[in-house]
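Residue numbers (numbering that gives the first Met the number 0), protein chains in the order written: chain Y, 0 to 394; chain A, 0 to 178.
Everything labelled a hint here was simulated from the structure, so no lab data went into it.
Each residue gets a CB set at the ideal place from its N, CA and C atoms; glycine is no exception.
It is possible that part of the hints are untrue.
[Stated by the list, open to error] Covered stretches of chain Y (chain A as the covering partner; in silico rule of three or more C-beta atoms under 8 angstroms from a C-beta of chain A):
#	region
1	69-78
2	247-259
3	271-283
4	316-324
[Said to hold, decoys possible] Using C-beta positions, here's what the derived DEER-type ranges look like:
#	chain 1	residue 1	chain 2	residue 2	range
5	Y	Asn374	A	Ile122	20 to 26 angstroms
6	A	Gly64	Y	Gly350	58 to 64 angstroms
7	Y	Arg17	A	Thr36	40 to 46 angstroms
8	Y	Gly350	A	Lys154	41 to 47 angstroms
9	A	Arg33	Y	Glu22	34 to 40 angstroms
Spelled out, the chains give:
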Amino acid sequence: MSSRAAQRLYSTAVKLARTPLYESHVRLGGKMVPYAGFDMPVLYKDQSHIDSHNWVRSKVGLFDVSHMLQHNVSGKDSVEFLQKITPIDLNSLPIGSFSLSVLLNEQGGVIDDCIITKHGDYEYYIVTNAGCRDKDVEFIKKEAANFGDVSHSTFESTLLAIQGPKAAELLQKFTNEDLSKIYFGQAKYLKLSPFGDSPIHLARSGYTGEDGFELSIPSSSEVETKASILFFDSLIEENPDLVKPIGLAARDSLRLEAGMCLYGHELAEDITPVQASLSWLIPKSRRTPETATFNGASTILSQLKDKTLLKTRRIGLASKGPAPRDHNKIFNVDGEEIGYVTSGSPSPTLGGNVAQAYINKKAKIGELVKLEVRNKLRDATITKLPFVASNLYKP
Amino acid sequence: MLSILRPQLLKTTRRFGGRWIHSCAPLLNSSVHRINTQSEVYKYSKEGPLHVKFTNEHEWLAVFGDNTAFIGITSYASEALGDATYIELPELGARYERGDLIGSVESVKSASEIYTPVTGEVIYVNKNLELKPQIINEDPMGAGWIAQIKLEDVKELEADELMSETDYESSLQDLEDSH
Numbered sequence: 000m001s002s003r004a005a006q007r008l009y010s011t012a013v014k015l016a017r018t019p020l021y022e023s024h025v026r027l028g029g030k031m032v033p034y035a036g037f038d039m040p041v042l043y044k045d046q047s048h049i050d051s052h053n054w055v056r057s058k059v060g061l062f063d064v065s066h067m068l069q070h071n072v073s074g075k076d077s078v079e080f081l082q083k084i085t086p087i088d089l090n091s092l093p094i095g096s097f098s099l100s101v102l103l104n105e106q107g108g109v110i111d112d113c114i115i116t117k118h119g120d121y122e123y124y125i126v127t128n129a130g131c132r133d134k135d136v137e138f139i140k141k142e143a144a145n146f147g148d149v150s151h152s153t154f155e156s157t158l159l160a161i162q163g164p165k166a167a168e169l170l171q172k173f174t175n176e177d178l179s180k181i182y183f184g185q186a187k188y189l190k191l192s193p194f195g196d197s198p199i200h201l202a203r204s205g206y207t208g209e210d211g212f213e214l215s216i217p218s219s220s221e222v223e224t225k226a227s228i229l230f231f232d233s234l235i236e237e238n239p240d241l242v243k244p245i246g247l248a249a250r251d252s253l254r255l256e257a258g259m260c261l262y263g264h265e266l267a268e269d270i271t272p273v274q275a276s277l278s279w280l281i282p283k284s285r286r287t288p289e290t291a292t293f294n295g296a297s298t299i300l301s302q303l304k305d306k307t308l309l310k311t312r313r314i315g316l317a318s319k320g321p322a323p324r325d326h327n328k329i330f331n332v333d334g335e336e337i338g339y340v341t342s343g344s345p346s347p348t349l350g351g352n353v354a355q356a357y358i359n360k361k362a363k364i365g366e367l368v369k370l371e372v373r374n375k376l377r378d379a380t381i382t383k384l385p386f387v388a389s390n391l392y393k394p
Numbered sequence: 000m001l002s003i004l005r006p007q008l009l010k011t012t013r014r015f016g017g018r019w020i021h022s023c024a025p026l027l028n029s030s031v032h033r034i035n036t037q038s039e040v041y042k043y044s045k046e047g048p049l050h051v052k053f054t055n056e057h058e059w060l061a062v063f064g065d066n067t068a069f070i071g072i073t074s075y076a077s078e079a080l081g082d083a084t085y086i087e088l089p090e091l092g093a094r095y096e097r098g099d100l101i102g103s104v105e106s107v108k109s110a111s112e113i114y115t116p117v118t119g120e121v122i123y124v125n126k127n128l129e130l131k132p133q134i135i136n137e138d139p140m141g142a143g144w145i146a147q148i149k150l151e152d153v154k155e156l157e158a159d160e161l162m163s164e165t166d167y168e169s170s171l172q173d174l175e176d177s178h
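Let's have the full structure, built from the sequences with the hints guiding it.
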């Protein structure tokens, strides 16, 4: 019995970084695995992957995402700078709001995806992927050097995602702030009772398709770190029927069902956001020759203008039987190769399998296709994304 | 080593440097790797199997006096894989050579392939696994058997890579120690 790509991923000699919550994960029975240079929990004892997944869809799951990299960008030239490295329109983004965006290379390819939050006209908070840390920082520093008044810094903290339909009910107990007035896409610094006067960054955000929050809890001193650990531990201990820690395994299946991209799978440096079916990341206001000042604008604008330049699109696939997996080939009923899978797995929410794939645009939603898994062709159906409707808190 | 614990997606992971894998499989105490005496595998013969062998790819083989063998995955493998979501069975009546791919066990995150350590014809497949793949988690060394094979060459059973229960469990201990 063996997996197809039988190669050792990480040498045990690699020294893995630990998040502030590492000891808690171990104590809670987390199976720790190397992920993006960090020792991270993939699953916790007494929960199967499917249990974890379903728990988040019905209750509250806590995800330690402290491995992701946090940035502050400020300065009078910060807007011009950020609008060069991403296609975001910061002038139309209200203060206290965030948006998904992408760091773009000169060809319009995606260096990383990111969340950019506006806290002032010249105050931005950005979160990028752990796996892209080094190249992101190198890219940002290099680009920032071309601007006069831009200050960029990165920092570590306890970054905790609280996800699930009961997340607001849980978190409301810890703050006088009325969370019902903070909608998906909004963020602010507020006080949470366990942390006294220390401002906690709260974003109504997530990567599961469920309602929820991401908290950035300062953890630069021992006292701060202890407080964040205590908060994490007590949420679980005091609410055993409501709150469980959830690992990377369910994080991936939840985002897949929600139709969200994972860098390195749906997104890569040779794929533009338009090719990734993320044209909405380039607002209309940034598509004119004057406003399209972002990297790779000529490529991206021409793809937006002339759809015939795009041969494929990112779309869903549903199937029964063996699950589609990354790199499986897709054929039409005539046997022509028309695409490939970027992520796939059984869907704990829906039953059957779900996948994201790049497929020739001519193939329509609902069309039957053939999927090659272990050298055999299997039936699959082209499906719209997301597979599971998002349950976000919106006005 | 421990190849079942690596999902097949890792080529990209290497390229992009950021994806999890299962590891830290459970350390099992001894006596877990016995054929369930209440199962149809054991009861295939009154005295139970003549002998039970293990591969380092975590398959078991229960050999009977009529020169047939049941094949399945070990308790260790089943635990390490987590919830099985789909089991691909070998083709009934087909002849497989030793080392051939005969099926797979899938969990949400990974697909692990099953190779036969013996040559022969598949005379039975466990259709129950198609309807209830979780049987392979509940009773991997009993009701979760995958196929029964008519052995062509019993000498293959003497191959060095087929281990006794004791040797298999000590190989698991080595795996754990190397983590």
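Take a look at whether the Cβ-Cβ distance between Y/Gly350 and A/Lys154 falls inside 41 to 47 angstroms.
-> holds, 45 angstroms
Are there three or more residues in the region 69-78 of chain Y whose C-beta lies closer than 8 angstroms to some C-beta of chain A?
-> It is violated: at least three residues are needed, and the region 69-78 of chain Y offers just 0 whose Cβ sits closer than 8 angstroms to chain A.
Confirm or reject the coverage of the region 316-324 of chain Y by chain A under the rule of 3 or more residues with a beta carbon closer than 8 angstroms to the chain's beta carbons.
-> Holds: 4 residues of the region 316-324 of chain Y have a Cβ under 8 angstroms from chain A.
Could you tell me whether the CB distance from A/Gly64 to Y/Gly350 stays inside 58 to 64 angstroms?
-> violated, 42 angstroms
Verdict for Y/Arg17, A/Thr36 (Cβ pair) under range 40 to 46 angstroms = Roughly 45 angstroms apart at Cβ, these two residues keep to the hinted range, so it holds.
How does the coverage statement for the region 271-283 of chain Y fare against chain A, requiring three or more residues with Cβ below 8 angstroms from a Cβ of that chain?
-> Contact hint for the region 271-283 of chain Y vs chain A: violated, 0 residues under 8 angstroms.
Beta-carbon spacing of A/Arg33 to Y/Glu22 - inside the hinted bounds 34 to 40 angstroms or not | holds, 37 angstroms
Whether chain A covers the region 247-259 of chain Y (at least 3 residues having a Cβ closer than 8 angstroms to its Cβ atoms) = holds (count 4)
Y/Asn374 and A/Ile122, beta-carbon distance inside 20 to 26 angstroms?
-> holds, 24 angstroms
Of the hints listed earlier, those the structure fails to meet are numbers 1, 3, 6, in rising order.
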